[in-house]
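Asks: Sequence:
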Amino acid sequence: MPITRRSFLRQSTLATSALGFPAVLRSANPNSKLQVASIGANGMAFTDIKNIGAHPAVKYVGFCDIDSTRFDKADADFPGVPHFADFREMLAQLGDTVDAVSVGTPDHMHAWAAMSAMRAGKHVYCQKPLAHTVWEARQMRLLAEKTGVTTQMGNQIHSAIEYRLGTRLIREGAIGKVKEVHSWVAVTGNERNRLLQPPPPEKVPAHVNWDLWIGAAPMRDYSFSYHPFVWRDWQDFGGGALGDFGCHILDPVFTALDLNAPLTVRAENSGINDEIWPTNQTIEYVFPGNDRIAGDTLKVTWTDGGLRPDRKIAKMPDNLELPRSGSVFIGEEGNLVLAHVGGPRMYPLEKFQGFKYPKEEGRSHWHVWVDACLAGEKTSDGFHYAGPLAETVQLGNVATRLARGVMDPRIHREDTPRLIEWDAENLRIPNLPEAEKLLTKTYRPGWELAPA
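Here the sequence shown stands for residues 44 to 495, where the numbers follow this note's numbering.
What the hints contain is simulated information worked out from the structure, not anything from laboratory work.
Idealized CB from N, CA, C, for every residue including glycine.
Errors might be hidden in some of the hints.
Capping the alpha-carbon separation at 27 Å, the derived lysine-lysine pairs in DSSO-like fashion look like this [said to hold, decoys possible]:
(1) 399 - 358
(2) 394 - 355
(3) 76 - 399
(4) 399 - 220
(5) 358 - 222
(6) 402 - 421
(7) 421 - 93
(8) 222 - 394
(9) 355 - 399
(10) 399 - 421
(11) 220 - 93
(12) 102 - 76
(13) 421 - 102
Here are the simulated distance ranges between beta carbons [as the list claims (entries may be wrong)]:
(14) 340 - 398: 26 to 34 Å
(15) 240 - 272: 42 to 50 Å
(16) 393 - 485: 55 to 63 Å
(17) 493 - 307: 27 to 35 Å
(18) 303 - 474: 35 to 43 Å
My request is simple: use the sequences and hints to build the entire structure.
Replies: Okay, here's the thing in structure tokens:
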């Protein structure tokens, strides 16, 4: 019998009801190994497959991809694993032989795949930016809490020595309390194709299940400008430069400074329409203060597409430049530059001459998750943490879609950027209630996403 959305959800609901959510977080794995299924088989999904599979306690039981030509790498490293095109069919057929799921689809299907797995009682590793919208990120966090499964976001540098050392230095007070942060990435929001409007339709290749690729997004004709990679530029599928790198580069900012949700967000950009993300943008977040922050609030400024702060704010020597991508933390007692990906450096040099950097160790982000699954524990990058980080990233994209700038004369231009006042507890924008529709999206009929 074919798997439909309704039948899949009914089976998932019965499975979770039978298990009882608190029982999912278990100290002993019922199978001899952690049996993992991957939703996505190439690109970043294969990177996850390879690294998760390097753990000696992992056994793969299913690979899923809508493109039948994209299993070659996974098959070479892990031969004999069954193939699927529809993850709902995979989860339903494999049942209890699956303990955990890795999600490496385009962003617009992250929440659907991850929440389906959690509802079936599976641990979940999900690629950044975790979800496609603010609302989806919130639902993923709530469902993880409700089910008790072990979760982790795929921003792997969270566990790398560079970010661990940088956040440790800030948390241990090496530069004092932090007054301001600037974060940036070199890539543009639309650098992969630079199209302003959808491309002409192309014939769907025989090896691509286009209906399953579109999934929850509004249906549109196939084009190579979407699959296999350039989907990230399009608002229906990805999050542009911020969606691609925000959960990487803002991760040490959140970790070092115990951030959760901003108070306000404001954005400006080079121009945006209803299809494509802007070439570059500036987003100003204001967060409430805490014991690690100098003052009642903290401003975090994000830029991309070649924009970055003036190197002078870091008080670096004249012969040094800021990295192409990274963050600079302005502290009361000095500044810290943390490259993406690179070791932290503190300035001015004369202030930190003779400073002994502490020893720190990097970890395999993927193996941290596997070990936690086996032990029935949380990770530091579980959805309890990754959810608010992803919400903040996607709230920046909401502000961008409200911001001034024009790339197409047919698109209305706002005279001034609009400030978002954010009520995180209630998922509301009190000063701009008409903007709340951008916190979520329109789901294709039959692919509506049930809340947690």
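Asks: Hint by hint, say whether it matches the structure.
Replies: Going down the list of hints, with the structure as the test:
1. For the hint pairing residue 399 with residue 358, the CA-to-CA distance comes to about 20 Å; that is within 27 Å, so the pair holds.
2. Only pairs whose Cα atoms come within 27 Å are accepted, and residue 394 paired with residue 355 is accepted, the gap being roughly 16 Å.
3. The suggested pairing of residue 76 with residue 399 is violated, with an alpha-carbon distance near 42 Å, which exceeds 27 Å.
4. With a C-alpha separation of about 19 Å, the suggested pair residue 399 and residue 220 falls inside the 27 Å cut-off, and the hint holds.
5. Distance check on the hinted pair: residue 358 and residue 222 sit about 15 Å apart at the alpha-carbon level, within 27 Å; holds.
6. For the proposed pair residue 402 and residue 421, the alpha carbon gap of about 25 Å is at most 27 Å, so the pair holds.
7. For the hint pairing residue 421 with residue 93, the CA-to-CA distance comes to about 22 Å; that is within 27 Å, so the pair holds.
8. This hinted pair checks out: residue 222 and residue 394 have alpha carbons roughly 18 Å apart, not beyond 27 Å.
9. Our distance criterion of 27 Å between C-alpha atoms is met by residue 355 and residue 399, whose separation comes to about 24 Å.
10. A threshold of 27 Å between alpha carbons decides the hint, and for residue 399 with residue 421 the separation of about 32 Å lies outside it, so the pair is violated.
11. This hinted pair does not check out: residue 220 and residue 93 have alpha carbons roughly 40 Å apart, beyond 27 Å.
12. In summary, the hint linking residue 102 to residue 76 is supported, as the alpha carbons are separated by about 6 Å, within the 27 Å threshold.
13. The suggested pairing of residue 421 with residue 102 holds, with an alpha-carbon distance near 21 Å, which does not exceed 27 Å.
14. The hinted window of 26 to 34 Å between residue 340 and residue 398 holds, with their beta carbons roughly 29 Å apart.
15. Separated by about 19 Å at the C-beta atoms, residue 240 and residue 272 break the suggested range of 42 to 50 Å.
16. Checked against the given bound of 55 to 63 Å, the beta carbons of residue 393 and residue 485, roughly 56 Å apart, stay inside it.
17. Between residue 493 and residue 307 the beta carbon distance is about 31 Å. The supplied range of 27 to 35 Å therefore holds.
18. Take residue 303 and residue 474: their Cβ atoms lie about 20 Å apart, and the range 35 to 43 Å is violated.
In terms of the numbered hints stated before, the structure departs from hints 3, 10, 11, 15, 18, listed from lowest to highest.
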